[in-house]
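Visitor: Sequence:
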Amino acid sequence: MIEPSNKLYWLGNSAKTKIIKEVLESVRTDEPVIVFDYGCGGGGDWSTILTDYPNLKLIGYEPDKKSFAVAQQQLSGLNAELYTSTQIKDLNFKADYIVSFSVFEHVYDRSTYLETAKKHLSEEGVFFLNYDDGHFRNYLDLNNPKLWFSQLKEWLHNLGAEPLAKLGMISHYQRRVSYQEVEELVKQVGFQVIKSEYSNLASFKALQKTISPVHQQEFATFWSDVESTLNDKFIEEGGKVILGDFTNLWQQMASRTLYLKHRS
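Using this note's numbering, read the sequence shown as starting at 1168 and increasing by one per residue.
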């Protein structure tokens, strides 16, 4: 059995795996740590994490009622507080860490989203803002007709998201996050970017699904190490803007995480 201090979580998504690992490194002390998951979905791996780390407190926010109900069930009896709908406006807390996993591309009012995160981040806290481009990379695979309908559906979804949002229908909103847009927004709100990383190498993400459970932890470590090397040594910036970003890694690693702190 793997000890919690050596265990990786959220296997299958290297961005989440690495972020959670960094957060949990600070939870190995006896001091309580508060994490705010800003768009927690159905709860993900939090039930396991909270069981392994009892001095971690989770505050989760999820506007979707069905996902919120799943999260409530999954996290019942654990050190977690969950909120939905407009409750976010009335909350008053400071989190040591805020995590936002593949949420920002679904946010219509992105400035307000960031302002709320800033309000709830402690003075020395870190906000891990992760966004994903997978919804906007619908490549028609002529060798796999079974996927044609879902790919067309996603394309139509993206096409109609903006006009529907203007009519007040934002529950299924999604729009690509461009490098320039997010950099300008976080600066306007009062954050500073202390680090930026690309994750979820496409070939590794596909390969992970074929790895047997007994080797999942080992593969997740290898995957994370490879991506860390790519980010440290092989990133090239300043090229042609493709898919909303001018960084070479973005072409094969469609997930980007900004490490944000309050601007000093």
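Honestly, the hints are just simulated from the structure, not real lab data. A portion of the hints provided could be inaccurate.
[To be verified] With beta-carbon atoms standing in for the labels, derived distance ranges: (1) H1324 to P1221: 34 to 44 Å; (2) L1258 to S1234: 31 to 41 Å; (3) L1323 to L1410: 33 to 43 Å; (4) T1196 to I1409: 41 to 51 Å; (5) K1320 to S1431: 24 to 34 Å; (6) Q1254 to T1196: 27 to 37 Å.
No residue lacks a Cβ here, since even glycine has one placed at the ideal position from N, Cα and C.
Visitor: Going through the numbered hints above, which ones does this structure break? Give me the numbers in ascending order.
Guide: 2, 3 and 5
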